[in-house]
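Participant: Residue numbers (the working numbering), protein chains in the order written: chain A, 1 to 174; chain B, 1001 to 1338; chain C, 2001 to 2498.
If you're looking for bench data, these hints aren't it; they were derived computationally from the structure.
Only a predicted model underlies this, so the values are computations on that prediction, with no experimental measurement involved.
Note that the Cβ used here is the ideal one computed from N, Cα and C, for glycine as well.
Part of the chain C face toward chain B, derived, beta carbon under 10 Å:
| # | residue |
| --- | --- |
| 1 | MET2053 |
| 2 | GLY2143 |
| 3 | PRO2145 |
| 4 | MET2329 |
Spelled out, the chains give:
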Amino acid sequence: MWWRRLNGEAVAEAVAMAVGAVFAILAVPLFSKAAHHDVGPGLFPLLAAAAVIVCAVLGLVVIGLSRRWLLPGRPVTPASGTATGAEATGAGEAPATREVRVLWLAVAVAAYIVGAQWLGFTLATLGFVTFACRLFGARSWVRIGAVSMGVAVLTYFVFVRGLEVALPPGILGF
Amino acid sequence: MMSHKRTLKLVAWLCVSALVLTFSAAGCGQQAKTPKYPTKPVQIIVPYPPGGTSDIGARMIAAYASEKLGQPVQVVNKVGGAGSIGQKEALSAPPDGYTLVLESVMVAAMPLVLPDCPFELEKRTTIGIALYDPVFVIVPSTSNVKTVADLVEQAKRDPQNFRWAATGATGVGTFVIGLLLSKNGIDIHQTKMVAFQGSAHCVTAAAGGQVDATAGMAAEIKGMVDAGKVRPIVVIAEKRHPAYPDVPTIAEAGYPDFPKAFTIYYNGLSGPAGLPDYVVKTWAKILKDATEDPKFRKQAEEANKMVLYWGPEEFRQNLMKNHEMFKELVKTLGISAK
Amino acid sequence: MESLVWLSKGFAWALQPANLLACFLGVFIGTAVGVLPGLGPTATMALLLPILMGFPPAQALVLLAAVYYGAMYGSSTTAILVNIPGEAASIMTAVDGYQLARQGRAGPALAVAAISSFVAAIIGLVGLVLFAPPLAEVALAFGPPEYFGLAVFSFCLIVGLSGKSLRKGLLAGLLGVLVSQIGLDPLTAVPRFTFGSSELLNGVDVVVACIGLFGVTEILSSVAETATQVYAKISKLYPSLAELRQVAGSMLRSAVTGFMPGLLPGFSFSSVSFISYEIERRISRVGHLFGTGRLEAVAAVEGANNAFVSGQFVTLFGLGLPTSPVMAMLLACAMIFGLQPGPRVFVEKPDVVWTIIASMFVGNLVCLILNLPLIGIWVRMLTIPYHYLAPAMLVVCFIGAYSVRNSIFDVWVMLVFGLLGYAMRKLSYPVAPMVMGMILGPMIETSYRQSLALMGSISPIGERPIAMGFLVIAGLYLVISLGLPYLRARRARKGTGR
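Just need the whole structure built from these sequences, with the hints factored in.
Facilitator: Printed below as a string of structure tokens:
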């Protein structure tokens, strides 16, 4: 599982370099659109993209010189008792497993966005808050239900009704 | 066999039913022809930043309409693409009368000067206009230029160093000043045209002496004129402006054939193609009533705008005429996008 | 002085019940709007305008102005409490403010923000009253070359915001510049990097990106933490006198760093946020501790953004020149009410103008009085268990990102930036330079190209003192901030005898 130990920074620099390259390539055809007395819309993107590539290459060089392509393996830490509160959930999980929750949360937000367009913002909020509370470690279903209902109802009345923010309505019309 | 009484009752009942049905059918028919509109808030999309002259026009119309229609009329700003993004959004909305767009004269030019213009000019339902902004050409007060002739002379003397500000290919200033220059044999591409984002910035540039000339609406220039920073040298209109009686009209300045389109720089209302008749009629009436309403007229005066009504047909005809005019102008000035 | 006579009359008018009520209402609405991320004073004014149409001009404008500066007080609240800047003005407040909140010092942070806002706003208003006409002229002296100089100088401040690795900061900044170029080219309306998508034609909105980079990132990071107590126990609610004395200098300086940019069109709140932070960081004795949770930083940024508002009123009243979208909105509202801001307005409608100016003094005081007790409520909010608070915050982020342009696409952008920010945090890439790049990129490009159109080439910039001044200061700044640490390191090495 060497890829687990891959230096994240190296990946980041490589990605940045790729992004720079893409922008640079896309910037070239823009040069034909230059008007008079104007360098046109292509120059600055090209300069910025080139600078990005340079910075990224420098970064990779630095990493290469110190041979830090792969980081030493991280031992699995036992439950760190830093929780000062009562519910110290997650204690006992390996750091990697905890990190997965970030992914879950991101997926949940994505589902929220899609759901808001289908079910409407208010209903989607209900679903999302319920799921997210669990993800953050809430235990009591009663409290979770109360919070999600509360947030959904409150945001509906304050934003949709009160401030007339045109949040997406769903199949049920609100 | 039924008794006579019963038969009579039956016939009477049949007649009454027939009458009732006929009336209700007629009533339903009426309802089908003109449904209640509007039943929920209407949005007017303004493709320009808030606070600009078009935005103010939209808000004035929206406030007046809200009162008359009994439903809120909201102004939503959707800035971008020199005004084309808002157009696209409004014109691709469902033609139910709940999304309209406020547009300026320059919309007729957009398909010609914008690369990849995201909307088609003809695919719209024109509703009408109620307001327009008088356009002026202004120069810094530190300049020696007092008339259009002086300005042209300044440009002729040294075209390479003649600096003027406009809002890009879709700016009214580009066409107005560009036309003045080209009619006098000056190629605008030899001059120093500086593009700013918004005519307010153009006016500021003139006020600061950064450029030699620019165009601006009455509302935009008033502050700077009062501050003594800029001087209007001509008004693109058929009559002199009441607030600036010494400023000649474009015809008086020696250009009687100047395109009429710019004399009425309107705040126009349109909707997506296929807008139902009752929507168009409702709004046309609102615009017409607004132009006759004393409170609205007073507001317009204070906002340095002029009041004028065009109905749906007149608006469409003028829009298409302007489009033809722009086709010519774009060729003359050499600012096509394609 | 005549101005002072008028000002006292203005106070008499401003304290009349109707005007005072308008002021209160405006402050209240403004504070609420400031607290909510995404929803800004411009949109709110637009919402209020139809309702206010029937009211007398003085009242309506007093209320609208109050919404504006009220928002500047409120925006620091969420920035400090949950690392979500309510407005672009408070981006840098979040950096130190949130750290303070985590350390249990949210109370003092909020209080310092409010007090600094008040002090700086008043100083700015005094500047407005005394010096409006000549100061307004400064705005006119700025043409494209001057903006170019200014933008370049601001970009160099990235050096200060990069933390340990300048290269990483620069990389982030440049990536921000590239992102800012997505959409239509401002000068030629040519689509750039849109991949044919019509949503990308609108570009990436900075506020949306900020909500993602600061708010969403924070929440994403926290879901992986074991400790559910993100915030330490609240130690006390208000700052001590000693702490107030510490930040006094920052407060006074912030008045200047905020007021001066207010005079110039083209300055955005976010730029002011960065510049005031950076200047204070350089000048303050504890500057090297900025980022770990310093009250001085909060004071500097929050004071600056309120003084900025006062500065903007200088050009609005002095020249009728709006220096930002909010001011343009206010100007439009003023015109609809029959008030034509500009030097003549002092002659034509002095009653309305001075009522508004006086009410701004009153209004800022009201803001202070309103915000201080609210601190208790806000701070209580932090004691809600984080696993209920965090999802609610994400909902607020959703609404905030959506409400900027009524666009679902923007919410996706927020998520993308949230994930990006998370990755950047994990790999220790600084986030602030990216935001700076997004804001300054367009300014540098546009002003450069406009300068070219104006002057033919860039060399005549040498003849423009203000522009050259900025470029020279930028150069000096770079030399000093890059050179000093290098020299110090060399001396240290020599000292240890290597």
